[in-house]
Every structure is written in structure tokens, then in C-alpha cells.
Amino acid sequence: MIDIVRTYWLYFLVGQYPDGPLGGLALTVLLAALALALALPVGLLLGLARVSPFRAIRWPVTALVHVVRGIPLLMVIFWAYFFLPSVTGHKTGQFGTMLMALVAFDGVYLAEIVRAGIRGVPRGQFETARALGLGYGHAMRLVVLPQALRSMLPSLVNQFVSTIKETSLGYIIGLTEVSFIAAQINTQVFTRATQVYLLLGLTYFVLCFGLSRVAVLIERRLGRRAPARIVRSPGSPTSIAVPNA
Amino acid sequence: MPHFDLALLLHGQYHDWLAAGLRVSLELAGLVFVLALPLGVVVALLRLAPSRALRALGAVYVEGIRNVPLLAHLLFWYFGAPELLPDALKERLYAGNFEFVAGTVALTLYTAAYMAEDIRSGIRAVPPVQFEAGRALGFGFVATMRRIVLPQALRVTVPPLISQTLNLWKDTSIATVIGVAEMMYQAARVESASFRSAEAFAFATAAYLAVSLAITGLATWVHRRWPVRTL
Amino acid sequence: MRIPFRTLLASVVAAAALVSAAHADQLDDIRKKGEIVFGVLGTDEPNSFVDPKSRELVGYEVDIGKAIAQKIGVKPVFKQLAVAARIPELQQGRVDVLAASLTHNKEREAQIDFSLTTFVTGQKVLVKTSSGITDVPQLAGKKVLTVKGGTQEPNIRKAVPNVDVVTFETTQQAFLALQQGKGVGYVNDEASIVNDYAKLGPAKKDYAILPTSISVEPLALGIRKNEPALKKVIDDTLRELESSGNADKLFIKWYGPSTKLQFDKRTFKIDSDKI
Numbered sequence: 001m002i003d004i005v006r007t008y009w010l011y012f013l014v015g016q017y018p019d020g021p022l023g024g025l026a027l028t029v030l031l032a033a034l035a036l037a038l039a040l041p042v043g044l045l046l047g048l049a050r051v052s053p054f055r056a057i058r059w060p061v062t063a064l065v066h067v068v069r070g071i072p073l074l075m076v077i078f079w080a081y082f083f084l085p086s087v088t089g090h091k092t093g094q095f096g097t098m099l100m101a102l103v104a105f106d107g108v109y110l111a112e113i114v115r116a117g118i119r120g121v122p123r124g125q126f127e128t129a130r131a132l133g134l135g136y137g138h139a140m141r142l143v144v145l146p147q148a149l150r151s152m153l154p155s156l157v158n159q160f161v162s163t164i165k166e167t168s169l170g171y172i173i174g175l176t177e178v179s180f181i182a183a184q185i186n187t188q189v190f191t192r193a194t195q196v197y198l199l200l201g202l203t204y205f206v207l208c209f210g211l212s213r214v215a216v217l218i219e220r221r222l223g224r225r226a227p228a229r230i231v232r233s234p235g236s237p238t239s240i241a242v243p244n245a
Numbered sequence: 001m002p003h004f005d006l007a008l009l010l011h012g013q014y015h016d017w018l019a020a021g022l023r024v025s026l027e028l029a030g031l032v033f034v035l036a037l038p039l040g041v042v043v044a045l046l047r048l049a050p051s052r053a054l055r056a057l058g059a060v061y062v063e064g065i066r067n068v069p070l071l072a073h074l075l076f077w078y079f080g081a082p083e084l085l086p087d088a089l090k091e092r093l094y095a096g097n098f099e100f101v102a103g104t105v106a107l108t109l110y111t112a113a114y115m116a117e118d119i120r121s122g123i124r125a126v127p128p129v130q131f132e133a134g135r136a137l138g139f140g141f142v143a144t145m146r147r148i149v150l151p152q153a154l155r156v157t158v159p160p161l162i163s164q165t166l167n168l169w170k171d172t173s174i175a176t177v178i179g180v181a182e183m184m185y186q187a188a189r190v191e192s193a194s195f196r197s198a199e200a201f202a203f204a205t206a207a208y209l210a211v212s213l214a215i216t217g218l219a220t221w222v223h224r225r226w227p228v229r230t231l
Numbered sequence: 001m002r003i004p005f006r007t008l009l010a011s012v013v014a015a016a017a018l019v020s021a022a023h024a025d026q027l028d029d030i031r032k033k034g035e036i037v038f039g040v041l042g043t044d045e046p047n048s049f050v051d052p053k054s055r056e057l058v059g060y061e062v063d064i065g066k067a068i069a070q071k072i073g074v075k076p077v078f079k080q081l082a083v084a085a086r087i088p089e090l091q092q093g094r095v096d097v098l099a100a101s102l103t104h105n106k107e108r109e110a111q112i113d114f115s116l117t118t119f120v121t122g123q124k125v126l127v128k129t130s131s132g133i134t135d136v137p138q139l140a141g142k143k144v145l146t147v148k149g150g151t152q153e154p155n156i157r158k159a160v161p162n163v164d165v166v167t168f169e170t171t172q173q174a175f176l177a178l179q180q181g182k183g184v185g186y187v188n189d190e191a192s193i194v195n196d197y198a199k200l201g202p203a204k205k206d207y208a209i210l211p212t213s214i215s216v217e218p219l220a221l222g223i224r225k226n227e228p229a230l231k232k233v234i235d236d237t238l239r240e241l242e243s244s245g246n247a248d249k250l251f252i253k254w255y256g257p258s259t260k261l262q263f264d265k266r267t268f269k270i271d272s273d274k275i
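Protein sequences appear in the order of chains A, B and C.
For what it's worth, my numbering labels the leading residue of the first sequence as 1, then goes sequentially.
For what it's worth, my numbering labels the leading residue of the second sequence as 1, then goes sequentially.
For what it's worth, my numbering labels the leading residue of the third sequence as 1, then goes sequentially.
Simulated from the structure, these hints should not be mistaken for laboratory data.
Among the clues, some could well be false.
No farther apart than 27 Å at their CA atoms in a straight line, the calculated lysine-lysine pairs in the DSS-like style are these [as the list claims (entries may be wrong)]:
1. 199/C to 128/C
2. 71/C to 33/C
3. 79/C to 32/C
4. 142/C to 90/B
5. 232/C to 90/B
6. 90/B to 32/C
7. 90/B to 33/C
Just so you have them, the derived chain B footprint on chain A, three or more residues with Cβ under 8 Å [stated by the list, open to error]:
8. 30 to 44
9. 73 to 80
10. 178 to 189
Simulated DEER-style distance windows between Cβ atoms [what the hints assert, rightly or not]:
11. 213/C to 50/A: 57 to 63 Å
12. 202/A to 157/C: 52 to 58 Å
13. 154/C to 220/A: 55 to 61 Å
We put the beta carbon where it would ideally sit given N, CA and C, even for glycine.
Starting from the given sequences, assemble the full structure and let the hints guide the process.
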């Protein structure tokens, strides 16, 4: 197994870069980070739309959320792949397609996380901000959201872990992320399939397990300062179906 | 762009392919559910066992599986692991529908890891005195779990388990990478053969949605019929 | 109201100019951008593949692409595509030209245009000798492996009506599955099969290429419909390559006696786009 690592480590980490597009583990992490960063504002907007007093906004968004949650991520990727260019007029490549699909898919799930985070900030904070003369927007931006984001941090890190796993589906549209590269390496050393795929699993494990430990650390540090958080009982119908990629 | 041809989806060769794909998806999901649930219970009990070694085993299983994407699991169980078997066994295995077998193995192990965590939360929601009372009455660990704790844990566990089933249903789509002829596989095949991407994907989307809504409807019904009782 | 003839003529010319401007010529776009994007497979040695040492894309079709780019006077950019994604990517404008082991057939003519045929090969089946299969009809009822989204699956089904086909995302996954014994046959273009067979090295003796071709595959470059200027430039480049003898040299470089394929000489010329 060591010689596989020694021969292919660069290809596994960065793909063909700099003689070609970025690939491998670097692409996986970059794609996941970018997707999460873009999905956050989308999740925020969707969350706000879901509680909007206007039916014209609430109903279509609720329908969209139910549709996106009811179909596999792979389906979202295929729709994005075949129809995004005609809709946006932009010629998106595989990276762009994956990015858009992940933002749409994760945005819907993030909407719930964002809503919970905002609700977790005591109402008094918002009221005090308004009493001090700040408008709605400023109160949200300067007082409520920073506190909400801090409490959302563990959930966001866990969502980052999910998104990293979701990037593996880029394999199916030929995106040269780490699973695709592993499969290509495998066809060069085809007698060592077990070792190649074990290495792939190990890579994901180290990355994702490491990050989820970071989330636990963050949660512990937050637990020391934050006020009592709303805890939902496990059997309630508002338990969200968090996807496992 | 040619107009949307609904007739394509309702009869004819392409409809047959898509319908066959739906059948395989349902079979895969059903089989995995039946296999993963008991495995999930076993792993959950491992994580709650009095022995540290058993607890570690359970933790290694759950963390090892959940931190690796399903796609990697599928590739491993189809291309990787079976190669370690002796030749005679390999040949017998490959002579059958090995794609479906490997897909089932990967999905079962994967889903069981997530179900185990939900079951574990459910068990922990049952007040510890129940377990202690059972032990005090002379039941062993397994018997206490089986007769006293698990039945109470069930009501709490059912909603998250149903959302895991929803995830399982959607995860069957990834089996296409190891050649399982489920719905995404057939939809892509129809698209290649006919260049009609909209029709093929509309069928697949509608099928996934229909079953997802059925599963979610089941969850709501269960919650109404058997609400969680708190002591 | 009587419209003066000059006004009428002017408005007709203006309308015509507007219409033609609305449909911008792809060749002009390419010249303006300064680069032409070729969609290649990158996994089909020796048409297009990644050289493991330099990690660069090289191959027969890559060299043809470079020649076309040089003729237009722009930079060639190569983008790797999956087999099933080739035609959608071209139609959606993500690539300018397909140089991806693309078969020219009647069904595809409704979707895209083709250049002059650049290569002629057949499709064949690779089997393990241990399966005891010596020709294509014996595949009836057996399982064969190939890639998703190409002409391989329809062709083998036509040749052997009750064959069982399992497809994978790439040709190499399908070939790997054959090596592991998950099916009895692997279907692909003859040139690719000969290449894979050669790469087996000493294990070659356990494999055999079935003699019957299940189809004839004229490979050509793929171009979007209604782009006559681009097609003319591409066809002209190909004709120049042929007449100058460079086309033959390219063939020898990638398919000739010193390569894994070991073809002695070309059995075709680059001169026609009729099939």
C-alpha cells in the first residue's frame, strides 16, 4: 500500500494541477467549503421565506423544500447538469454544476439550522437593539446574527462534513474529485483494488472524523458561555430529516 | 427543443426500462431496511454494553462507516473487498447478480450505522430507573433491554427511523455506480438512447417523490396514532 | 400609406443584419475568445489519455485538436468528459468541438454535425479464455460489461439479442470488472480493446479478443448544428493533414508498429464525412 501512496500521492491530492484543472482531495475540500459558504445565505433566505406572512412567498418555497428533500441529491445534480445552462444562459462546467446542485440541496437543509440558531438568541437581545435605535436590518446584522452564528457553529461544521461526503457524487458527472481520482488510480494498479479503496475510505475518515471532533470541541467551548439552549425532545414531529450523504 | 412527450413515459420500450428501474430501487430499499434494522439494534446495544471493549467496537463501527461517503462504500464492496476471497467462492458469488448483492451489503452496513445512533438515542430517552429496576428483578442485560427498555424506546425511535428510511430510499440512487439497474441507471440509459433528458428525469423525479411523500405520510400517521408518552 | 422603396429596403437589410447578429457565428466567438475548447475523454488510450509521468493530456485526437487550433490561430483547451456526457456538453455549449472517440451514426446526426471521419474502427468483445467463449453468438444469456452512454450497449444488444449488459461510469471500471470476473465479456472500440489487451502484459494469455466485429465505428469530431464556418475550418485542417502526409504520421505515432496497438498501416483515409 505504501508504494501506491508514494507513486500517486500528488495526483490523489491535487489531480492534474497545475498542468490541468484542480482535482483530488484539494478539489473536494474547496468544493465543499465554497458550497457551504454559498448555501448559508440561501438557507437564510429560504428560512425567512418559510415564515413569511405572504402566502405567495411561503407556498412555492415550502413546495420547493419538500420536493428537494424528497429526491436524491443525484437527481438534483442531473437536473442541474442538463438544464442549468439553458436556464441561466451560462455554460457551467462540472464544478459549477456540482456547486449549484450542492448549494440548492444543502440550502434547503441549512434553512432549518439557521432558523433554530436565530430562535436560540434570546428575544431580549433584539428588543434591546431596537430600543437603542437600531433598525430591523441593523439589529439583525449587528446583534442577533453574530450570536446566532456562534451557536450554529457545531451544526455548521457537521453540515460541512456532510457536504464533503456529498462531493463524492461528482464522480458520476466526471468531476475529478478524490473518489474519481481513486478509481482512475485503481485502473492503473488494477490488482490492488482493495488497497486503493481502503486508502480512499481512510482519507475521508481522517478528514471527516477530524472535523466532527472539531465540532465537539466547539460545542464544549460554547457550552461554557452560552445561555440555556432550546432542546427539542427526540420524538417530536419537528425533528428534521438530516441527510446522510 | 422538442416538446415534452408524455406518451414516452406511459408505454413503450423506454417506459419498460424506467418501470424496471423503479422495481429494482424498491426491492433494494425494502431488502436493506429489513436487514439494517436488526443490525442497527445490535450495534446500538453494543454501544450501551457494560463492557468497554464492546462499547469501543460499536463506536468504531459507527464512526468508521458514517465518516466515509456511501459512494466509497459501494466501490469498496463491489471492486475491493470481494477480491480477497478465495477463487472458488469468488466465482460462485460473481455468477449471480453480484451488483445487487454488493449494493445491498454496502447500503445495509451504511444504513445500520445511522439507525444504530437513532436507536441509541431512543434507548437513552427511557428513564434509567427502568433499566435498573429490570436488573434488580434479576434480568440480565439483554433480557432487560428486550423486555423492558426497547419496547418503551420504540415510540421515541420511530420518527427518526422513518426519516432514516427516507434517506435509505434516496441513497439507493447511488448504487448506479456499481451497475445496479435501479432507477437512476435506467433514467440515464433512456437519456442516452433517446436524447430525451426531460422525460426520463421527470419520470424518475416523480417516482422518488411519490415514495418519499408516502414515507413522510407514514411518519405523520405514526406520530398521530402513537404519540410519544413522557413519564 | 405608401412606403418609399428605399425605406423598405433599408429596413429589410437592418432586419437581416439583426437576425444574423442574433445567431452569432461560433467560429467568430472562438476567434474573439482566443481559445477553442475540445471535449475529450482523457481515458481512452491512445485517442486521448493522461500521460502518468507528465500528467498532461496527450493522444491522437489531442494532436488533431492542436492542429485545428493552430489553423484557426487560437489556443487549444482540452476538457475531460464522461462518455455519457459528450453530446449534452456539446449541445449546451460547454465545449466547442468533441474529439472524444465519438461514433458518427444516423441517430446522432439529428442532434449534432460531424467532421470528416478521422478514424475507422470496429467494436469488439474481449473475453477471458477460461470462459470457453470463442465467438460473439456464444454470449447469448451471458453477462457483458461496458461503459454507460456510448454505442457499445445498443450494438451488443443488436448483435446478441438476449445478452445481459451491465454498464459502468467509465470504460476502465468495466474493464476492471472483467478482470475481476464479474462478467464474461468487455465491449469497446477495437482500438481501445487492443490497447487494453496489450497493457495486460504477461496476463495476455488468459484473454482473447473475439474475432467478429459487432459494428463498424467511423469516429469523427462532433460539431454543433448550424455552424458551417467552423465545420469548414475543421474539415479543411483535416484535408490538409491528409494531403501533407501528417495524418498518416499521426496514425503511425499513436497506433503504429512501435506502439501497444501495433497496427501495420492505416486502412482508411481522412477524406469523407458520409457514413
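Hints, one by one, checked against the model:
For the suggested pair residue 199/C and residue 128/C, the alpha carbons sit about 15 Å apart, so the restraint of at most 27 Å is met. Annotation: proposed proximity of residue 71/C to residue 33/C holds, straight-line Cα distance about 15 Å (limit 27 Å). In summary, the hint linking residue 79/C to residue 32/C is supported, as the alpha carbons are separated by about 19 Å, within the 27 Å threshold. This hinted pair checks out: residue 142/C and residue 90/B have alpha carbons roughly 17 Å apart, not beyond 27 Å.
Taken as a hint, the residue 232/C and residue 90/B pair is broken in the structure, with Cα atoms around 54 Å apart against an allowance of 27 Å. A C-alpha spacing of about 58 Å is found between residue 90/B and residue 32/C, which places the hinted pair above 27 Å, so the restraint is violated. Our distance criterion of 27 Å between C-alpha atoms is broken by residue 90/B and residue 33/C, whose separation comes to about 54 Å. Restraint check on the segment 30 to 44 of chain A versus chain B: 0 residues with Cβ-Cβ distances below 8 Å, three needed, restraint violated.
Figure legend: the segment 73 to 80 of chain A, annotated as covered by chain B; annotation consistent (5 residues with Cβ-Cβ distances under 8 Å, at least 3 required). For the segment 178 to 189 of chain A, the proposed coverage by chain B is satisfied: 4 residues have a C-beta within less than 8 Å of a C-beta in that chain, meeting the threshold of three. In this structure the hint that residue 213/C and residue 50/A lie 57 to 63 Å apart at CB holds, the actual value being about 59 Å. Checking the proposed 52 to 58 Å range against residue 202/A and residue 157/C shows it is violated: the Cβ atoms sit about 40 Å from each other.
The hinted window of 55 to 61 Å between residue 154/C and residue 220/A holds, with their beta carbons roughly 59 Å apart.
This entry does not satisfy hints 5, 6, 7, 8 and 12, going by the numbered hints stated previously.
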